[in-house]
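**Student:** Residue strings, one per chain:
There are 4 protein chains.
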Amino acid sequence: MDAKQIVHKMFDNDAFSKWLGIELVEIGEGISVLKMLVRKEMLNGFDVLHGGITYSLADSSLAFASNSYGRKSMSIETSISHTLPCKEGDVLTTKTIERSLTNRIGIYDISVLNQDNKVVALFKGTVYRSDKEW
Amino acid sequence: MDAKQIVHKMFDNDAFSKWLGIELVEIGEGISVLKMLVRKEMLNGFDVLHGGITYSLADSSLAFASNSYGRKSMSIETSISHTLPCKEGDVLTTKTIERSLTNRIGIYDISVLNQDNKVVALFKGTVYRSDKEW
Amino acid sequence: MDAKQIVHKMFDNDAFSKWLGIELVEIGEGISVLKMLVRKEMLNGFDVLHGGITYSLADSSLAFASNSYGRKSMSIETSISHTLPCKEGDVLTTKTIERSLTNRIGIYDISVLNQDNKVVALFKGTVYRSDKEW
Amino acid sequence: MDAKQIVHKMFDNDAFSKWLGIELVEIGEGISVLKMLVRKEMLNGFDVLHGGITYSLADSSLAFASNSYGRKSMSIETSISHTLPCKEGDVLTTKTIERSLTNRIGIYDISVLNQDNKVVALFKGTVYRSDKEW
Numbered sequence: 014m015d016a017k018q019i020v021h022k023m024f025d026n027d028a029f030s031k032w033l034g035i036e037l038v039e040i041g042e043g044i045s046v047l048k049m050l051v052r053k054e055m056l057n058g059f060d061v062l063h064g065g066i067t068y069s070l071a072d073s074s075l076a077f078a079s080n081s082y083g084r085k086s087m088s089i090e091t092s093i094s095h096t097l098p099c100k101e102g103d104v105l106t107t108k109t110i111e112r113s114l115t116n117r118i119g120i121y122d123i124s125v126l127n128q129d130n131k132v133v134a135l136f137k138g139t140v141y142r143s144d145k146e147w
Numbered sequence: 014m015d016a017k018q019i020v021h022k023m024f025d026n027d028a029f030s031k032w033l034g035i036e037l038v039e040i041g042e043g044i045s046v047l048k049m050l051v052r053k054e055m056l057n058g059f060d061v062l063h064g065g066i067t068y069s070l071a072d073s074s075l076a077f078a079s080n081s082y083g084r085k086s087m088s089i090e091t092s093i094s095h096t097l098p099c100k101e102g103d104v105l106t107t108k109t110i111e112r113s114l115t116n117r118i119g120i121y122d123i124s125v126l127n128q129d130n131k132v133v134a135l136f137k138g139t140v141y142r143s144d145k146e147w
Numbered sequence: 014m015d016a017k018q019i020v021h022k023m024f025d026n027d028a029f030s031k032w033l034g035i036e037l038v039e040i041g042e043g044i045s046v047l048k049m050l051v052r053k054e055m056l057n058g059f060d061v062l063h064g065g066i067t068y069s070l071a072d073s074s075l076a077f078a079s080n081s082y083g084r085k086s087m088s089i090e091t092s093i094s095h096t097l098p099c100k101e102g103d104v105l106t107t108k109t110i111e112r113s114l115t116n117r118i119g120i121y122d123i124s125v126l127n128q129d130n131k132v133v134a135l136f137k138g139t140v141y142r143s144d145k146e147w
Numbered sequence: 014m015d016a017k018q019i020v021h022k023m024f025d026n027d028a029f030s031k032w033l034g035i036e037l038v039e040i041g042e043g044i045s046v047l048k049m050l051v052r053k054e055m056l057n058g059f060d061v062l063h064g065g066i067t068y069s070l071a072d073s074s075l076a077f078a079s080n081s082y083g084r085k086s087m088s089i090e091t092s093i094s095h096t097l098p099c100k101e102g103d104v105l106t107t108k109t110i111e112r113s114l115t116n117r118i119g120i121y122d123i124s125v126l127n128q129d130n131k132v133v134a135l136f137k138g139t140v141y142r143s144d145k146e147w
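Chains as they are written, first to last, in my numbering: chain A, 14 to 147; chain B, 14 to 147; chain C, 14 to 147; chain D, 14 to 147.
Everything labelled a hint here was simulated from the structure, so no lab data went into it. On a predicted model such as this, the values are computed, not experimentally measured, just so you know. Hints may be right or wrong, so weigh each one.
If chains are identical, the list can't say which one is meant, so a pair holds when it fits in one copy or spans any two.
Claimed, not checked - Okay, derived cross-link-like pairs now, EDC-like style, lysine to aspartate or glutamate, Cα gap no bigger than 16 Å in a straight line:
1) Lys48 to Glu101
2) Lys48 to Glu146
3) Lys85 to Asp15
4) Lys85 to Asp60
5) Lys53 to Asp25
6) Lys31 to Asp60
7) Lys22 to Glu42
8) Lys31 to Glu54
9) Lys131 to Asp60
10) Lys53 to Glu146
11) Lys22 to Glu111
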C-alpha cells in the first residue's frame, strides 16, 4: 500500500477523526496536512477551543504522517503548547515537519495554524516504528 | 469562590467536557479526579481510543486542579505518553499529583488509569498562574 | 551481567559522570540513586547551578536505571523542569521511579532533591530498549 | 543594555559555559548561535558525548536568546531528543528559532548541529519572562 492508501484505510475507520470533521488536504510519506472547523461543541468553559481538540487534530496528523511509509508506527511521547486561543468558526490546519527519521524512531514537529496563518499550537510527536507492515 | 464553586463554574459551561461524559469524582485545591466511559465514537482507525480523548480528559483534569486555588491559570506546556491501549467500554479515571507550585508556575503529574487500575497514560502539565481571580 | 556489573561497567568509563563527581548510592533493575556535590565551576552567570548539570545528573541516572536489566537502552526523549535554584555546596540526589516498562519502551520519572529533601528538578526520560545485551 | 551587553554580562560570569568552551557566534534579540568543541572529558561510558553536555549547550543558547530582550527570563520546561551520537573532536553549533513570544512566555526551538550540518539534538525550551529588567 502507498501513503494515500494507508492513510485512507486509517481514516475511513477513524470514528473520532470523523467526529472532529477532519479533512485530508495533503498526504505523503512523512507528510500530512489536515483541516478542521471549530464547532460550538468543541469549546471549553472559557468559550475557547478545548486544548484536547487541538491535540487530537495534531495527533491524527502525526499518526497519518508517520504510518505513511508503510510500517506501523505508534506514538511514544507527544507534547503540545497552546500559543493562541481559538474560537467557534476558526479553521485550523496542520503543518507537519519530519525532524528526524531512523530505523526505529521518527520525530515530527506539527504546527497548528488558524485561518489567518497564525500558530495556535506547537506539537512535537515521537513515534516507534515497528516491523509490522501495512 | 472555593475550589468546588470554581470547578463547577468551569465545568457547567464546558461543552466538550460534557461531550466526553466527564464526571467530577473529587475536587479540591490542586486536586481533581475525573471519570469517563470510553464510547464507540471516541475510537480511532485501530479500534482503540484516540489519543486525543485521553489527552482531553487529562487536560480537563489539569485545568480543574490548577484553577481551584482561585487564580486563573492557563496551560503553558503539556506532554503525554500513551502506555496502554483503551477499548470501548473501558472506564478511565485521572489521578492528579501537584509536583511543584510557585507564585507563577504550577506543575502537575496526571495519571490516567483504567478500570483495572492500570496506567493507560502519563500526562505532565505546566500552568502559568495569572493575577486574575475567579 | 547483573545490574551492578552493568552500571559499574558504564560508570567506570564515563568521563563526564566522573567530572561531575557522581557517587553511586543505589543500583538495581530500574533503579538508580546518584549523589553529587555542587561545585563552583558548575555555576552559571546567575551564580546558581547551570541547568545542564542537573540534567546531566538525571540523565546519567536514567541511563543506569534503564540499562540495568541487561538490554542496551538509549534515551529517545527527555524533559526537565527546574523548580528550585541550587547553590555551591548543595548536595543533590536522584530518585528514580519506573513509570512504564514494555518490551521496547521504558519511561522513568526522576526527581532531583537537595540536602533539605526539596525537589530542585523534575525529569522525565523515555528510552528505547534494543535487543543488544550487555 | 542591548542584547550583546546582556549576553556578555551573563556569559562573562558563567563558569560552566566557560568550562564547556562555548563560543558566542551570533547574538541578538531572540537569537543565539553558540559553538563548542567536543572534548574527551565530555564523553560517557559508550565513548560518545554525554547527553548532558548537548543539553547544557542548548540550555545556554536558550538563556542567551530569551534574556536578550532585556527582561530577565527563566526556563520553565525544556525537552531534548538526542538524534545522533557525537564523538571527540566534533564541533557543535546551535541554531535558535523563536516559535512564540507573548508578554509572559517565550518558546524556543533549538537545533544542535555537528560540523557536517547534521542535527544531533532537537531541544525545545519554554521560558517565563519576568518584569525584572537587565
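**Student:** Are the hints correct? Go through all of them and say.
**Tutor:** Against the structure, the hints:
| no. | hint | result |
| --- | --- | --- |
| 1 | Lys48 to Glu101 | within (14 Å within a copy, 27 Å between copies) |
| 2 | Lys48 to Glu146 | neither (27 Å within a copy, 36 Å between copies) |
| 3 | Lys85 to Asp15 | within (13 Å within a copy, 34 Å between copies) |
| 4 | Lys85 to Asp60 | between (37 Å within a copy, 15 Å between copies) |
| 5 | Lys53 to Asp25 | between (24 Å within a copy, 14 Å between copies) |
| 6 | Lys31 to Asp60 | between (23 Å within a copy, 13 Å between copies) |
| 7 | Lys22 to Glu42 | within (15 Å within a copy, 41 Å between copies) |
| 8 | Lys31 to Glu54 | both (14 Å within a copy, 9 Å between copies) |
| 9 | Lys131 to Asp60 | neither (19 Å within a copy, 33 Å between copies) |
| 10 | Lys53 to Glu146 | neither (39 Å within a copy, 26 Å between copies) |
| 11 | Lys22 to Glu111 | neither (22 Å within a copy, 36 Å between copies) |
Against the hints set out earlier in the document, violations occur for numbers 2, 9, 10, 11.
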